[in-house]
Amino acid sequence: MAGDGVVSSEYLNAGEYKKAVERLGIPQSSLAPVKMQLPESVEDVQKAVGQFQRIRIGGSCSYRLELRGKSSGFYPGPDDKLVPIVEVKQHPFDLPNDAKLLLDKLDKVLWFSPENQLVSVQSGILLSELNQYLRENGFEIPIGLQEKNQRECIGDLIALNLPHWNMSAAGSWRDWIVKMKVVLASGEVVTTGADVVKNVTGFDLHKLLIGARHTLGVVTEVTLRVRPKAEPREWPPIQINHGVMFLTSKTGLAAVLDHIKDFVEESEDSPAMQHYVDFESGLILAECLRNKSGEDFDTKSHGFVWRSQVGEYALDEFSELEQRLMKRTKEIFDPTYKLNPGEFGFI
Amino acid sequence: MGAYNDSRMDFSSLRTLLRPDQVLDGAAAIRAYDCDAYTVERSKPSIIVLPESTAEVASVVRWCVAHQVPYTCRGAGTGLSGGAMPALGGVVLSTKRLNQILEIDLENRCLLAQSGIANRRITDAVKADGLHFAPDPSSQSVSTLGGNIGENAGGPHTLKYGVTVQHILGVTMVDPTGEVMQIGGKLGCGPGYDFLGLICGSEGTLGIVTEAWVKLTPIPTVVQTVLVAFPTIRSATESVAGIIATGTIPAALEMMDRGIMDAVHLAFGLEFPAAAQALLLVECDGDSAEVVDQEIESVRQVCEGLGCLEMSFAKDEKERARLWMVRKKGVGAMGRIAPSIVTHDGVIPRSKLPEMLDFVYSVAASKNIGVANIFHAGDGNLHPCFYFDDRDASQVERVVEAGEIIIKKCIELGGSVSGEHGIGVEKMDLMPLMFTPADLEAQAMAKRIFNDGELCNPCKVLPNQRGCAEHRMRWRGMAS
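Chains A and B, in that order, are what the protein sequence lines are.
When we follow the numbering used here, the leftmost residue of the first sequence carries the number 1, and every step to the right adds one.
When we follow the numbering used here, the leftmost residue of the second sequence carries the number 1, and every step to the right adds one.
What the hints contain is simulated information worked out from the structure, not anything from laboratory work.
Idealized CB from N, CA, C, for every residue including glycine.
It cannot be assumed that every hint is accurate.
What the hints assert, rightly or not - Pairs of lysine-lysine, BS3-like flavour, derived with a Cα cap of 25 Å:
#1 A:Lys250 - B:Lys215
#2 B:Lys409 - A:Lys179
#3 B:Lys160 - A:Lys229
#4 B:Lys160 - A:Lys179
#5 A:Lys179 - B:Lys408
#6 B:Lys315 - B:Lys329
#7 A:Lys250 - B:Lys315
As the list claims (entries may be wrong) - With the Cβ distance kept under 8 Å, some of the chain B side facing chain A (calculated, not the full set):
#8 Glu107
#9 Glu151
#10 Thr158
#11 Gly192
#12 Leu198
#13 Ala241
#14 Ser351
#15 Asp379
#16 Gly419
#17 Glu420
#18 Met431
#19 Phe435
#20 Ala438
#21 Gln443
#22 Ala446
#23 Lys447
Take the sequences, apply the hints, and build the full model.
As structure tokens, then:
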């Protein structure tokens, strides 16, 4: 298992990772000292959740999000192959015995019902792969994430619930998910929702798990609505890496855009602060850079709701009430802070 | 806890929180507030209060907490599963006087209103500006915004426009301790756990919503409505599956059977083809005439391919209203057929509609009771209406049995026990058929985030709650 600077043999034996490591000549010592779990079934997830005291959860493609860009995982390289990230740094909250639960092998389409416009998948399937499968059958899930996010697994995308280009037309994941299977921190496997497009039976636990950054449970299976494939739409070629996103009111758009313009003029080395505006919904997505004075773009001065592209880490970003509710929720669902320690500041 | 019918309960200090005209406790009021539109089970409140502000709601809730008196919020009382029934008596908080629109922001297409406002009034306030509040439950002329949020209400147009949760940006809520909370707001919710999503559809068990920011949706400029008559139930249900399979998402796709046609004919004199056994009401809308025409054309091809008898297109608004009358007045017209009606609510995958409808008729036949069907076919949301004479105990028993058989079949076909009426007290016993004990415990955990006590709308949604079982016989007993 994990040793000093060596990833577990269990992990290396998983075909494509080993090949990628060998091809790139990455010294094993540069990989993170962690216990990797590659579950292939809900039971495997249940076992891992029961076995470890602290578990970091996600697909390998999105580890940079989990780790704020300091990934010990892989990123999607040319031809969609997974490439290990050479510079390995631990998550700031990782402890030596933490386990990492990779969703990558939970990558199956369980069933697809075009007549009901529903598809059921395991949570490790990449959105790009799922949409490729659906488009071959005339359907799609129209969440308009930028290209690199499309190559993340459904489980991570649900956990992050990022704003996206197509929000005004397609809403968020909440509008597409009808059912989930989840392994809770207690090890219990629970189902929430049903395989139907309309349902008001009981409390909607699955809504709570969307955007929860894997802190309340490990989502292993999801049933999603799909819609007929639309004409492919070109999204702006903006790569938002460490930036911020703004979801603002239309009233505030002009003021925010002026603010961005002023900020761009003071930015250090970038010719422009890339941004995209959807006037229909009042959405601005922007790659935020520091200006010459080393200041971050002020995200809170216009009364708009802001979303960071890489998610939020600390509870102090939330209001006092939100902090209190979120802590209460975490303590009910994961009282030992086992799942994704550090996220939202739960540590 | 101040239990039901506790004669020692003293409400004098509660009365000091409000004006005298905001408190009701006469026999007629107690009777009127002992149930909602689900009348099979009833439970008398001790007192009814009519707060006019969030602060008044909060003060009443804090009084209830201090005195350990159960309380239940109620909107217009149009709920169909007993969600507003004061299960353990105590205080009913009516939102009847929380009925103001507080702010309209046309530029950002949103509106802030108090929770007791009738759904239709929201649309009426912005219709002239080309906007509407999209959730349209059949009760929309009276049912309240707060009730719609509590039940996550649907309606005929939810097939395309979504249910209530998709149109709520934020709420002001008095939590079960009496604290006033803002969840979300004019711009929707930020990152973090989706508490607003949890509150919508929680049937008033997580607190009392007093105000809400709602999204306003542009009224489509092009609308085409067609009523299609079919010679058999199966050709109509197969058409529903066929339309969905083409990828067309009509704004509404509603089905009515011969029983409804007969009732509407008796009540309003409308004529239908003699050979018709089923009707589909299909509405397609949008802002492009070309797209809407294409959608209607694909509907026409599917229906003709499955042997429809007749297609009646609405040529103007008046004709559209006439076509919709069959759907909107259908349940009410059932009163012409029998003295009592019970409308069930279940959901199945849409592809199972033909099989399910066959099953509904066979169950009604085997139980020797009448059934008519009028429902949101496009969502797979069934509403079998059993008609009977409730003075005959044997008929009542058979109706109850038939309902349970049908809901169990919904689960067997991969569906759900409620599509839009909620669980309330009506369907608590059915929850374990759909969920495991672990699933239900996880839902109870979600409830505990806001409500860790037993005072706020007790004995609803989740089965086997402490202190509730012994009251169930009383609820039924009061209804008889």
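How the hints compare with the structure:
1. About 13 Å separates the Cα atoms of A:Lys250 and B:Lys215, which keeps this hinted pair within 25 Å; it holds.
2. A threshold of 25 Å between alpha carbons decides the hint, and for B:Lys409 with A:Lys179 the separation of about 19 Å falls inside it, so the pair holds.
3. Among the hinted pairs, B:Lys160 with A:Lys229 is consistent with the structure: their alpha-carbon atoms are about 16 Å apart, no more than 25 Å.
4. Among the hinted pairs, B:Lys160 with A:Lys179 is consistent with the structure: their alpha-carbon atoms are about 19 Å apart, no more than 25 Å.
5. Of the pairs offered as hints, the one joining A:Lys179 and B:Lys408 holds, with about 19 Å between alpha carbons and a cut-off of 25 Å not exceeded.
6. Taking the CA atoms of B:Lys315 and B:Lys329, the gap is near 21 Å; set against the 25 Å cutoff, the hint holds.
7. The suggested pairing of A:Lys250 with B:Lys315 is violated, with an alpha-carbon distance near 37 Å, which exceeds 25 Å.
8. The interface hint given for B:Glu107 is met, as the beta carbon of that residue sits about 6 Å from the closest beta carbon of chain A, less than 8 Å.
9. Here the hint on B:Glu151 is kept, as its CB sits about 6 Å from the closest CB of chain A, short of 8 Å.
10. Given hint, B:Thr158 at the interface with chain A, holds; its Cβ is 7 Å from that chain's nearest Cβ, closer than 8 Å.
11. Against a cut-off of 8 Å between C-beta atoms, the interface hint on B:Gly192 holds, since the closest Cβ of chain A lies about 6 Å away.
12. The beta carbon of B:Leu198 comes within 5 Å of a beta carbon in chain A, closer than 8 Å, and the hint placing it at the interface holds.
13. Evaluation of the B:Ala241 hint against chain A yields a held restraint, the C-beta minimum of about 6 Å falling below 8 Å.
14. Among the interface hints, the one on B:Ser351 holds; its C-beta lies about 4 Å from the nearest C-beta in chain A, closer than the 8 Å criterion.
15. Nearest Cβ of chain A to the Cβ of B:Asp379: about 4 Å, under the 8 Å cut. The hint holds.
16. A least Cβ separation of about 5 Å between B:Gly419 and chain A falls short of the 8 Å threshold, and the interface hint therefore holds.
17. The criterion of a C-beta within 8 Å of any C-beta in chain A is met by B:Glu420, whose closest approach is roughly 6 Å, and the hint holds.
18. Restraint check, B:Met431 versus chain A: the minimum CB separation of about 6 Å is within 8 Å; hint holds.
19. For B:Phe435, the interface hint holds, the least distance from its beta-carbon to any beta-carbon of chain A being 7 Å, beneath 8 Å.
20. Nearest Cβ of chain A to the Cβ of B:Ala438: about 4 Å, under the 8 Å cut. The hint holds.
21. Hint status for B:Gln443: holds, given a least beta-carbon distance of 4 Å to chain A, under 8 Å.
22. Interface hint status for B:Ala446: upheld, as the beta-carbon distance to the closest one in chain A is roughly 5 Å, under 8 Å.
23. A cut of 8 Å between beta carbons decides the hint on B:Lys447: the least distance to chain A is about 6 Å, and the hint holds.
Checked against the numbered hints above, the structure breaks only hint 7 and satisfies the rest.
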